[in-house]
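2 protein chains.
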Amino acid sequence: MKLYNYFRSSASFRVRIALNLKGLPYEYVVVHLTKDGGQQFDPSFRALNPDALIPVLADDDRTLTQSLAIIEYLEETHPEPPLLPRDAVERAYVRAIALGVACEIHPLNNLRVLRYLVRKLGASEEQKDAWYRHWVEEGLAAIEARLVAEKRTGRYALGDHVTLADVVLVPQIFNAMRFDCRLDHVPVIMGIFGHCMELPAFDDAQPSRQPDAE
Amino acid sequence: MKLYNYFRSSASFRVRIALNLKGLPYEYVVVHLTKDGGQQFDPSFRALNPDALIPVLADDDRTLTQSLAIIEYLEETHPEPPLLPRDAVERAYVRAIALGVACEIHPLNNLRVLRYLVRKLGASEEQKDAWYRHWVEEGLAAIEARLVAEKRTGRYALGDHVTLADVVLVPQIFNAMRFDCRLDHVPVIMGIFGHCMELPAFDDAQPSRQPDAE
Numbered sequence: 022m023k024l025y026n027y028f029r030s031s032a033s034f035r036v037r038i039a040l041n042l043k044g045l046p047y048e049y050v051v052v053h054l055t056k057d058g059g060q061q062f063d064p065s066f067r068a069l070n071p072d073a074l075i076p077v078l079a080d081d082d083r084t085l086t087q088s089l090a091i092i093e094y095l096e097e098t099h100p101e102p103p104l105l106p107r108d109a110v111e112r113a114y115v116r117a118i119a120l121g122v123a124c125e126i127h128p129l130n131n132l133r134v135l136r137y138l139v140r141k142l143g144a145s146e147e148q149k150d151a152w153y154r155h156w157v158e159e160g161l162a163a164i165e166a167r168l169v170a171e172k173r174t175g176r177y178a179l180g181d182h183v184t185l186a187d188v189v190l191v192p193q194i195f196n197a198m199r200f201d202c203r204l205d206h207v208p209v210i211m212g213i214f215g216h217c218m219e220l221p222a223f224d225d226a227q228p229s230r231q232p233d234a235e
Numbered sequence: 022m023k024l025y026n027y028f029r030s031s032a033s034f035r036v037r038i039a040l041n042l043k044g045l046p047y048e049y050v051v052v053h054l055t056k057d058g059g060q061q062f063d064p065s066f067r068a069l070n071p072d073a074l075i076p077v078l079a080d081d082d083r084t085l086t087q088s089l090a091i092i093e094y095l096e097e098t099h100p101e102p103p104l105l106p107r108d109a110v111e112r113a114y115v116r117a118i119a120l121g122v123a124c125e126i127h128p129l130n131n132l133r134v135l136r137y138l139v140r141k142l143g144a145s146e147e148q149k150d151a152w153y154r155h156w157v158e159e160g161l162a163a164i165e166a167r168l169v170a171e172k173r174t175g176r177y178a179l180g181d182h183v184t185l186a187d188v189v190l191v192p193q194i195f196n197a198m199r200f201d202c203r204l205d206h207v208p209v210i211m212g213i214f215g216h217c218m219e220l221p222a223f224d225d226a227q228p229s230r231q232p233d234a235e
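So the sequences go chain by chain: A and B. Just so we're on the same page, the numbering used here is the position in the first sequence counted from 1, plus 21. Just so we're on the same page, the numbering used here is the position in the second sequence counted from 1, plus 21.
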């Protein structure tokens, strides 16, 4: 398999973790998001993914896009170890936490969104950073509230097994730290983060350990 | 089952379509997003969902959040008729289209995001509308490009059976029309939209047919 990705992309980071957890080797193909005006806009990459978004996973002649769809695909084609529990209600719970990051936080802090704020709405650097932190801090607080209320939390987001929820939470925390977001209001999430980072699958997938890290 | 929702919420609209397609009756519970400062912020609703987001599906004593997680749950607990194909690659394709709306378009046009633009960044009504249209038009163009390139498109997004991709696309088109977005650049999507709207499951779920429609 080939993973078209970028060290700093948190959606790419999710897929790297999932591949590592499943013990699947892959070729790392760099798509540099800022060099050459953004290599994701190259016609050759757009032919692979018209969205001009990473990650893209190429599995033989099949091209897969959208990190959560890729991870569900890996789960279906390589079920061990499972990243989703067996019970339908618990699966929905795990997916809802993952979507709480993937739909409520991350899209607002994408590079192209931040660029729009600055270039078209004239936001200052300070306003841009405040925007970033607002959605991260509010989004994580909502997830924290759920983790506290649900009482299903253990070493990880759901009990003592790593799931898709952890796979998506951890890269978001890396982003939050990079942009100096407040994190002292989400101690349960930070506990889960610490436990995940003890695992080589998470540690090896982090931005600074990638071949294109700057 | 009880669906906590709002006629105009497109994430709610997705779940209404899925429930209708599966032939599952449900009680419609209104959570008015603008009345009383937003009923989603009521402590009673926040106890149900700390995200203060709709839809929420209550199935007996189980509370499910995030529209895509809810639909995957319905798919797992009520598999007929299927909203995901059997083949793993095709499932990933359908999910990627759904996520192309749910992660790349819809989060940017949420009520709370538009409010932030106006209240905190001082965006004018015109700038707010331009923002809305930008993400809808660009996001739909990317999906259109994929539908054209993949050649898997039929009467619906994947061949001649309704899938999750259609369930998520249709409410986004309703939003696009409400905000006068350009749609002449996405003829394949509009064809799919037309075919979907011929089905009672889609038609009955549309905003104007809901009990709280204004």
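Since the hints were derived computationally from the structure, they do not count as laboratory data. Please note that the accuracy of each hint is not assured.
Heads up, the list lumps identical chains together, so a pair's fine if it works in one copy or across two of them.
As the list claims (entries may be wrong) - Straight-line Cα separation of at most 35 Å, DSBU-like style, residue types lysine-lysine; simulated pairs:
no. : residue 1 : residue 2
1   : Lys172    : Lys43
2   : Lys56     : Lys172
3   : Lys23     : Lys149
4   : Lys43     : Lys141
5   : Lys141    : Lys56
6   : Lys149    : Lys56
7   : Lys23     : Lys172
All values reported here derive from a predicted model rather than from experimental measurement.
Practice item. Give me the numbers of the hints this structure contradicts, sorted from smallest to largest. Key: Hint 4 alone not satisfied by this model.
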